[in-house]
Amino acid sequence: MTKVNTKLDRRSFLRVSALASGGMMLSFSWLAGCKPTPEEELGLPKEWFELNSYIKIGENGAVTLYSPNPEFGSNVKTSMPMILAEELDTDWKNVWVEQADFYPERFDRQFTGGSQGIRQGWTPLRTAGATARAMLVAAAAQSWNVPANEITTSAGILEHKASGKKAHYGEMASLAATLEIPEEVELKDISDFKIIGHSKRNVDGQKIVSGKPLFAIDHKVEGMKYAAIVHPPAFGMRLKSFDKNSVMGMPGIQDVFSINVFKDDYVQNFFDTTTFPEIVAIVGNSTWEVMQAKKNLVAEWEKAPETKFKMAGFGGNSMDVTVPSGLENTSSHKSRMAEFIKNPGTVVRKDGDPEGMFKKAAKVIERTYSAPFLAHNTMEPMNCFADVKGNKAVIYGPTQAPEFIMGTLSSSLGIPRENIQINLARMGGGFGRRAYSHHMVEAALISQKIQAPVKMVYTREDDLSAGVYRPTYSATYRAALDENNNLLALHVKAGGIPESPLHANRFPAGALDHYLAESWDIPSNITIGAFRAPRSNFIAGAEQSFLDELAEEMEKDPIDFRLELLKRAETDPVGTNNDYDPKRYAGVLQLVKEKSNWNQAQSNVHRGVSAYFCHNSYVAEVVDTVIKDNKPVVESVYAAVDCGIVINPDSAANMGEGAIVDGIGNAFFGELAFNNGAPTKTNFDTYRMIRQKEAPKKIEVHFVESTENPTGLGEPLFPPVFAALANSLYKATGKRYYEQPFAPQLEMGNLRM
Amino acid sequence: MAQFNLNINGKTQQVDVDPSTPLLWVLRDHLDLVGTKFGCGIAQCGACTIHLNGTAVRSCQLPVSATEGAQITTIEGLSENGDHPVQQAWMEHDVPQCGYCQAGQIMTAAALLQQNPNPSDEEIENAMNGNICRCGTYLRIKAAVKTAAQKL
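Residue numbers (the working numbering), protein chains in the order written: chain A, -7 to 745; chain B, 891 to 1042.
Here chain A stands alone, though its shape is the one from the complex (with noise of 0.2 Å):
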């Protein structure tokens, strides 16, 4: 058993997490949660007892847990209950899940990204539901006059079995309750897990297949309002003027006017990424009506100056930002990429002599790769309920980062943190856009304004066009080898609108002795943000394609040359920056070899391998391809992943599955252009998804058995598989792919798609 201390060991890990993860920290005071003051009530019924704020037990035995962060699809609202109903010990049957709403003051690191729920929520979770266990034990000890270390508990059953004393949880919650917390647990051996790596379905399936109101979209209150937006036509525009009797007088329309996001001396943190800060809202009776009147809107709008601002960073810092003034068009977007890519970068890692190879080199291969703009596209458009008035706000929307929208609410409204409630719902899809949350801000200046509860709704074209996209992005990936195909060195130059994509210290760095990585951006008035697994999405499938290409220039299998360089990282590392384990990148390789029978290909199968890290997880992948009736088909996808104890296996590799599907999609059709800085795409007629047919026939996704802590899910099996596909399709077609999306290049080939 693992003693961990409930105080100190929670902060120190959270610091430590917080900065790995590359996120922000929340504060956090769980203790004090602990002891809820009567305006902290989450109004339950009285015959609940709660032990901590994750976890009530009732009477009966019941226990509710709380699920302290937003939903937006990786199933957190069952695996974080898993987690606590582990250390709790009690049964998962009598396990009632509910969505905690955004408290600060209870909860730490309410954030739904980076694929960092489970990693940073480990011990916090394991450390409450112990607690909880140990009050329970204590309170037992203390009624039946036995020392709390002969106490056994299963199942959410107390027993004493010298005495032959038992008691359900629910008889031992009133006076658990009003115990001491202990300052010190004990978490339960990792082969005593009941709950944890047995798959439980998600809590909210019924709810899901049954249409249930689940989502913010779904909310109304007596005497709502309904909202529709008109934002700028273009990045690099912004409102000049609306006619507001163009709209006044059509049907059940009450107001038009315009809202500015933030204040003037407000300075915004980095999630407040907002494409256009000042919007015209329409007002009515219904959804329908406002939409058709937002048709109707006559408004001017004008070109944008060059803004500045500035932009609190992480860890108390603050940056200057500037927003270039014009109308960007993809085709010059192009041409500066390609000026960029011609010229020296900033060097961000440089290990040995890698000029001097390439001088000697007695062959030096170089490719290009480049992916364009990607809008996120979740299932539900950004939408929010709010109810401001007066002092006193209740926001209810889709978040993946309450925490960050909430300075930004009080600014905007004039009204203190402490009156503003925020409400966590789950989201119809987040992928990173709604750690983005100014959609709230949106809502709430709406319900201010008419002092009257309102539900503010996109269309899917608002959605499309707003900005907050995946950026464009490049890489020059060059190798030097000599007269016997030995690498000798390697380079890439990475860069991007607005940001780079480039992992300086992570494969292959380490693994080569001579290695230079430079970097380099172009400012845009696109606004952009995190889009599932950031950066990593686009360098994985540059330099994997790099590798494969490499490996047969090598006359090496793509596996063993990929072993052949983590073997050099194990054994004798270059450098000492280099962020990854080779031995765990070592073995999903190993593993994905095995799963995916590597060494017995079928004739006609075209098989492609990749391997990536990120999110403090290993993923390797192989794609099968096959070419029926003139068309690519992905067949098979294998992912062998590592990424520590898995909580929920079925649901994990669900997560999985969608995350390949995700990657396929984007790799064949994911595309954004802009025209006058209009996109050119505003909703699924032109922009393309992946569907049913285009989806994998099969996938299997394989779990390295593991006692490590969780690392994340969400995200890793997301980069890789642009790779694994390209690779594969370069075997199908003879061709390599370097420019994302795939499908018009396939079909120049004369393939459909």
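No lab work stands behind these hints: they were computed from the structure. Honestly, I wouldn't trust all of these hints.
Okay, derived cross-link-like pairs now, DSS-like style, lysine-lysine, Cα gap no bigger than 25 Å in a straight line [what the hints assert, rightly or not]: (1) K690(A) / K1036(B); (2) K685(A) / K1036(B); (3) K727(A) / K689(A); (4) K287(A) / K217(A).
Starting from the structure of chain A, add chain B where the hints point.
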């Protein structure tokens, strides 16, 4: 504005709306049947799928005026207790991730199986191709349709 008598999930419901209002918004805003979802508004994603006289249709492009006299079934009315074989199969395969598109997927699948109780893989793919799942649960959807076919 005009009055319409609609037969929804076996009950007659009266609404007073503009005749051009799509059935989707009548269901969601006026009748509080929010299981039917808004995804694209142009019949491209299938999130708003309902049954009109037993056939799967996109309610976002269906004016309320065209639905009078028809039998309308929404996800809420597919079964009394959420236990239609398709819903059960969805649970068995733990299909949903975010869950937003799944009502539309289930309605399309239920209509398919009504018309073709033993669809081939290709027939399932064709029937389900109009329903986008952004989370990529397509394989589980297909497996659940097959399981439901065996139970029906």
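_List of violated hint numbers, smallest to largest_ = none
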